[in-house]
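**Student:** Protein chains in written order, with our numbering: chain A, 1 to 401; chain B, 1 to 285.
Derived from the structure by calculation, the hints contain no laboratory data. C-beta atoms are modelled at their ideal positions from N, C-alpha and C, and glycine is treated no differently. One should not assume that every hint holds.
In silico lysine to any residue, SDA-like type, Cα no more than 20 Å apart, as pairs [as the list claims (entries may be wrong)]: (1) 28/B with 352/A; (2) 120/A with 71/B; (3) 179/A with 169/A; (4) 116/A with 360/A; (5) 73/A with 121/B; (6) 116/A with 335/A; (7) 116/A with 78/B.
Rough simulated footprint, nothing fancy, chain B against chain A, three-plus residues with beta-carbon under 8 Å [unchecked claim]: (8) 69-76; (9) 178-187; (10) 287-296; (11) 345-355.
Letter by letter, the chains look like this.
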Amino acid sequence: MRNGPNQQKLTLLFVWGILLFLVSARLFFWRPVVLPKNSYLEMETEVSQVFTLESSQKLSVGDVAVFAPLYPKIRVGDRINIQGKVDLTGTMLDPQIKIIEHKENFSGWLWDLRQKIVGKVETLLPAREATLVAGTVLGVDRIGRDFRNDLIKTGTIHVVVVSGQNLSIVAGVFLALVKYLGRRGAMVLAIAACSFYAFLTGFEAPVVRALLMVIVTTLALFFGRATTAIFSLFAASMAIIFVWPAAITSISFQLTFAATLGIVTLGAYLQKLMRVPVAGEITAVCVGAFTFTAPVILYHFGSVSLLSPFVNILVSEAVFPIMILGFVLSALSLVYMPAAQLLSYVVFMPAHYFVRVVELFAEYDTFYVRGFGGSAVYFVLFAALILGLVLIWKGYSREGV
Amino acid sequence: MGMHLRLILTGVLIVVLGGVFFAQEAQKEGRVQAVFCDVGQGDGFVIFGGGGGQIVFDSGLGSKMIDCLGRYMPFWDRKIEIMVITHPQKDHMEGQIEILERYKVGHVLWTGALGSGGLFEDWEKLVREEEAQLYPVARGDRIEFGDVNFEILWPTKSFMDLWKLAAGSDLNETSIVARMNYGNICAYLTGDVPVEKLEDVIDKNCQILKVAHHGSKSGTSDVALYKMQPKIAVIQVGQSNSYGHPKREVIESLNKFGVKILRNDIQGDVLIQFGNGSYEVKSRL
Numbered sequence: 001m002r003n004g005p006n007q008q009k010l011t012l013l014f015v016w017g018i019l020l021f022l023v024s025a026r027l028f029f030w031r032p033v034v035l036p037k038n039s040y041l042e043m044e045t046e047v048s049q050v051f052t053l054e055s056s057q058k059l060s061v062g063d064v065a066v067f068a069p070l071y072p073k074i075r076v077g078d079r080i081n082i083q084g085k086v087d088l089t090g091t092m093l094d095p096q097i098k099i100i101e102h103k104e105n106f107s108g109w110l111w112d113l114r115q116k117i118v119g120k121v122e123t124l125l126p127a128r129e130a131t132l133v134a135g136t137v138l139g140v141d142r143i144g145r146d147f148r149n150d151l152i153k154t155g156t157i158h159v160v161v162v163s164g165q166n167l168s169i170v171a172g173v174f175l176a177l178v179k180y181l182g183r184r185g186a187m188v189l190a191i192a193a194c195s196f197y198a199f200l201t202g203f204e205a206p207v208v209r210a211l212l213m214v215i216v217t218t219l220a221l222f223f224g225r226a227t228t229a230i231f232s233l234f235a236a237s238m239a240i241i242f243v244w245p246a247a248i249t250s251i252s253f254q255l256t257f258a259a260t261l262g263i264v265t266l267g268a269y270l271q272k273l274m275r276v277p278v279a280g281e282i283t284a285v286c287v288g289a290f291t292f293t294a295p296v297i298l299y300h301f302g303s304v305s306l307l308s309p310f311v312n313i314l315v316s317e318a319v320f321p322i323m324i325l326g327f328v329l330s331a332l333s334l335v336y337m338p339a340a341q342l343l344s345y346v347v348f349m350p351a352h353y354f355v356r357v358v359e360l361f362a363e364y365d366t367f368y369v370r371g372f373g374g375s376a377v378y379f380v381l382f383a384a385l386i387l388g389l390v391l392i393w394k395g396y397s398r399e400g401v
Numbered sequence: 001m002g003m004h005l006r007l008i009l010t011g012v013l014i015v016v017l018g019g020v021f022f023a024q025e026a027q028k029e030g031r032v033q034a035v036f037c038d039v040g041q042g043d044g045f046v047i048f049g050g051g052g053g054q055i056v057f058d059s060g061l062g063s064k065m066i067d068c069l070g071r072y073m074p075f076w077d078r079k080i081e082i083m084v085i086t087h088p089q090k091d092h093m094e095g096q097i098e099i100l101e102r103y104k105v106g107h108v109l110w111t112g113a114l115g116s117g118g119l120f121e122d123w124e125k126l127v128r129e130e131e132a133q134l135y136p137v138a139r140g141d142r143i144e145f146g147d148v149n150f151e152i153l154w155p156t157k158s159f160m161d162l163w164k165l166a167a168g169s170d171l172n173e174t175s176i177v178a179r180m181n182y183g184n185i186c187a188y189l190t191g192d193v194p195v196e197k198l199e200d201v202i203d204k205n206c207q208i209l210k211v212a213h214h215g216s217k218s219g220t221s222d223v224a225l226y227k228m229q230p231k232i233a234v235i236q237v238g239q240s241n242s243y244g245h246p247k248r249e250v251i252e253s254l255n256k257f258g259v260k261i262l263r264n265d266i267q268g269d270v271l272i273q274f275g276n277g278s279y280e281v282k283s284r285l
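With the rest of the complex left out, here is chain B (with noise of 0.2 Å):
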C-alpha cells in the first residue's frame, strides 16, 4: 500500500468516526428532555428544550452538577442559556457557583430573595462579573424556550413586594414553583415550596411532579396529589441524609395516589426523555 493512499484511508478513517461521535453527541441537544441530577441532599436539574439550549433548575451542593451536566451535554456546549435559582439556600444554589466559573450563562432568572453569608456573596458577585442578564420573575410570566415553555405560578408579585418589606423567617416561602409544558404533557417543578402555597396554585392535573423539599412532610399533601394527578413523581434527595427525607408519611402518600417513585439516593440520575405526547423515564444515561 503506497504512502498516499494510506494518507487517505488514515483521514477517512478519522472523518467517518469522528462523524459518528460528533452525531451522537449532537443527539443530546436534539430531544427534549429533563434530566433531573443526582446532587446529593439538594436540587438540582436540566431540561433540554430541544432546540441545543438548556434551562438548569438549581444545582445542589458543591460540584455535583457540574458532573452532570458534563455528561449530559455535548462536550462543545460550554454555554447554559438560562439559569433559575429557586430560591438562595446552600442546598439549592452551591452548584450555580462552579456554573458560573465553568459556563457562559446567557440569563439568570430569581425571585428577588436574598441569602446570607458568603456563599450569597459569592454568587451575586460571579453573576455580575458574567453580565448574565438577571430576570426576577413572578406568577403570570411565562418563559419561551425552544420546544417547551415555562409558567411561574410562585411566588406572586405581591407577596414578593411584602417580603421586600418584611423578610419571612422561612426562605422556602419565596422558591418558585414552575410548570413545565410540552404538548399534553406537564410537570410541576416545586423548589422548596411549602404545601399550603402548592396547594393554592395548582390548577390542572400533570404527569410529572418533582417533589417539593426533598420529600419533607412540608411539601407534600394529599390535597396537592389530588388536584395534580402524578404519574411520576422525583424525589431529589441525598443517600442516608441527616434529615430523614424522603418522609414514610410522604412516599405512603404517593403510593396511595398509585405515582410511580424516582429517587435520586437510589436510582441515581433520572433522566426522563419526551416524544410525541409520550415520555420515558430512564435513571441513567
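Just chain A, with the same shape it has in the complex (with noise of 0.2 Å):
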C-alpha cells in the first residue's frame, strides 16, 4: 500500500524516534554488568530473570548465565546468596542457591501474574498444548527437549517463542481495522497492542527487540513503499547492535532479523506472483521467512528441514486462534475457572492440531539438508546468493507482474 510524502515522513519520523530513544537509554541508563570469567563467584544479587527449562532453571547475574536446580523454586525479586564456578564461556552450573528474601516490585509482580496464569493453563491443557498457550501468548518458553527438538526440526519454533511472528499477527489484527479507525487510529492500536503484548510477555530484551523490528517494518511497509521497510529494518537493527552487542550473535535476533527481511523482500514479491488470497499471502509469508532464515538454522544447527515451509503452512492457520483464544483463556483463568474449563476444550483443538502436525512432520527424517554447521563462509555466500536472487529479480517484480 503506498501512500503520500506526508505519510511516509510520518513513519520515518517515528523510526527516527524510536531508534533516538535507545540510542539515549543505552548512553544514559543501562550499563551492562560484567563479571570475571573462569573464576569461583560467589555474590549477593536481586533475580530479575528466570526461565525455568525442563531440568534446570536459568537466571541471567550480569552477563553469567546461571543453571541452577529446579528445586527450590526462585522467582523474580527474590534477593539470593549465590556460590559456584563461572566457565570461560560466561556459565555457571550446579551452584549453592540461597534465597535470603524476596523483594516486592513491578517486576517481580508482573513474573509472578504471568507465572499465575501458565500455572492455570498447565491445569487446563496436556503439556505440549499448555506450552503453545505459554508460548504465544505470555511468553513463557516451558517446552521440554523432545517438543523442542521436534519445533527445530520442523521449522516451527518461532510460533512458540515470542517472536516477530506473533507480533505481525498482532499487528495485523489492528491493522486490519484501517478502514473503521483510519490509517492514524490504526496505527495507533496496532503499536499499542504490540506494547501491551510485549509487556504481557515480561519485555524481555529479545521481545523488545523483535518489538521494535516488527512495528518499524510493519508500519513502513504499510505506510510506505517496500524499499522504506528494507530500510528501517536495516536501521532499527543497527540501534538494536548498538544497544545490546550481544544481540548479533544471539539466534533469536538474527532469526528475527532474516525472516522479517524474507518477508518484505521475497515474500512481498512471491504475494504479488502468486495473487491468491489467503493462501497465496500465507504461502509467501512462509516461503520468504523460510529461504532467508535457512542459512541461520543451518549455521546454528547445523540441519534444516525442506518440509519446514510446508509445515508452516499447515500450522500457520492454528495460530491466530490459538493466540486469541489463549489470551481469553488466560484471562479467564484468573477470573472463573469453571468457564476457562470448558473454553481450554475449544483452544485444545488449534493447538493439537499444531502439536500432531509438528510431530508428524518431524518424524520425516530424508528431508533434511545437513552440514555446514558452524560454516561461516557458508552462511555468507548463501546470504550473498540470495540478496544476489532478490536484487536480480526485484526489477523483473515491478516491470512484468
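Work from the hints to combine the two standalone chains into their complex.
**Tutor:** Here is the structure:
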C-alpha cells in the first residue's frame, strides 16, 4: 500500500524517534554488568530473570548464565546468595543458591502474574498444548526438550517462543481495522497492542528487539514502500546492535531479522506473483521467511528441514486462534476457572492440531539438509546468493508482474 | 445452497468429526496398558487400569513425565487417581512436583521414608496442599485398580519401623517393589531395590520385568532372573548417562535368559498393551 509523502515522513519520523530513544537509553541509563570468567564467584544479587527449563532454572546474573536445579523455585524479585564456578564462556552450572528474601517490585509482580496464569493454563491443557498457549500468549518458554527438538526440526520453533511472527499477527489484526479507524487510529492501536503484548511477555530483551523490528517494518510497509521497510529494518537492527551488542550473536535476533527481511523482500514479491487470496499470502510469507532463515538455522543447528515451509503453511492458520483464544483463556483462568475449563476444550483443538502436525513431520528425516553447522563462509555465500537473487529479480516484479 | 442448509451441514460436520476425535481420545483410557515413559535417567511410568483411571509410578527428572502423560491421556482427564513414589530420590520424584501442580491427585502411596533437601520439602508441601490421601504401604498390601491389581512385595512393615529408628545409608533399600496382575499376566515393578531384597520377595514367574535401578549391577542377578523367568524387560535409562547404565553384565544376564530388552534410551516411550491373556509391545504410540 502506498501513500503520500506526509505518511512516509510520519513513518520515518516515528522510526527515527524510536532509534533516538534507544540510543539515549543506552548512553544514559543502561550499563551492562560484566563479571569475571573462569573463576569462583560468590555474590548477593536480586533476580531479574528466571527461565524454567526441562531440568533446570536459568538465571542471568550480570553477563553470566546460571543453571540452577529445578527446586527450590526461584522467583523474580528474590534476593539470593549465589556461589559457584563461572567457566570461560560465562556459564555457571549447579551453583549453591540460598534465597535470602523476596522483594516486591513491579517486574516481580508481573513475573508472578505470568507464572500464575501459566500455572492455571497448565492445569487445563496437556503439556504440549499448554506450552503453545504459554509461549504464544505470555512468552513463557516451558517447552520440553523432545517437543523443542520437533519444533526445531520442522522450523516452527519461532511460533512458540515470542517472535516477530506473533507480533506481526497482533499488528496485522489492528492494521486490518484501517477501514473503521483510519490510518492513524489503526497505527496507534497496532503499536499499543504490540506494546501490551510485549508487556505481557515481560519486556524481555528478545521480545523488545522483535517488537522494534516488527513495528518499524510493518508500519513502513503499511504506510510506505518496500524499500522504506527494508531501510527501516536495517536502521532498527543497527540501533538494536548498538544498544545490545550481544544481540548480534543471539539466535532469536538473527532469526527475527532474517525472517522479517525475507517477508518484506521475497515474501512481498511472491505475494504479487501468486495473486491467490489468503493461501497465496500465507505461502508467500512462509517461503520468504524460510528462505532467509534457512542459512541461519543451518549455521546454528547443523540441519534444516526442506519441509519447513510446508509445515509452516499447514500450522499457520492454527496460530491465530491459539493466540486469540489463548489470550481469552488466560484472562478467564484468573476470573472463573469452570468457564476457563470449558474454553480450554476449544483451545485444545487448534493447539492439538499444531502439535500433531509438528510431531508427524518431525519423523521425516529424509527431507533434511545437513552439515555446514558453524561454517561462516557457507553462511555468507548463501546470504549473498539470496540477496543477489532478490536484487536481480526485484526489477522483474515491477515491470512484469 | 441456502443459509439454513449451510448452517445445518456445518453443525453436522463439527459433530461428526468431533465425535470421531473424542472417540479416539476416549480409547486411550479404555484399555489396560502400561507406558514406560522416556524420562531420561530416571524412572517414570503410568498404568491405565482399564476403568478410566491411571496409577503413576515415580516420575523421573524435570518435566518429561508431564509431557508423556499429556500425550497418552485424553485431554479432558486432569486427574491421576493414584501416584506412587517408590523412594524419595530426585530421579524418581522430581517429576511428581509438576504432576501435583498440574493434575488433581487422588491418593499418594509411599513407604514413609523421608527424603532430604528442598525438593522433598516442596513435594511434601504440594501433597499437603493437594489434600491427596497419603497412604504408607508395606508388604501384604493389595491395591485393586480397575481391571488390574497390585501386590506390594517390599518393604516389610518391620523393616520400615527399623529404618525409622535408624535410617540406613541407602535409600534404594526402601524402594517399593510391586507386582501388577492382569489375568494370567504379571509384571514386577522394582524401583531401585537392591537385588538381595528382590531375590527374597520373588515368589512366582512373571512375563514382564521393570529392571531395577536403571540396569545397574546392584539391581539384577541371575538368581532373580531365574526365579522370575521374564519374557521382556524394560530398562528405564537416559541416553549417554554418566553412570554407564545399563551395565554390560546386566545386558548379558538378560540375553542369557533369552529376555527381550526394551530401553527408553533407544526406543523412547515403551508402551505395553494388554488384551485377553496376551500383551503387545509398542515402542511408540
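**Student:** Work down the list of hints and note, for each, if the structure agrees.
**Tutor:** Status of each hint after checking the structure:
no.: 1; hint: 28/B with 352/A; result: 15 Å, holds
no.: 2; hint: 120/A with 71/B; result: 19 Å, holds
no.: 3; hint: 179/A with 169/A; result: 18 Å, holds
no.: 4; hint: 116/A with 360/A; result: 32 Å, violated
no.: 5; hint: 73/A with 121/B; result: 12 Å, holds
no.: 6; hint: 116/A with 335/A; result: 12 Å, holds
no.: 7; hint: 116/A with 78/B; result: 18 Å, holds
no.: 8; hint: 69-76; result: holds (count 5)
no.: 9; hint: 178-187; result: violated (count 0)
no.: 10; hint: 287-296; result: violated (count 0)
no.: 11; hint: 345-355; result: holds (count 3)
Taken one by one, the earlier hints fail for this structure at numbers 4, 9, 10, listed in ascending order.
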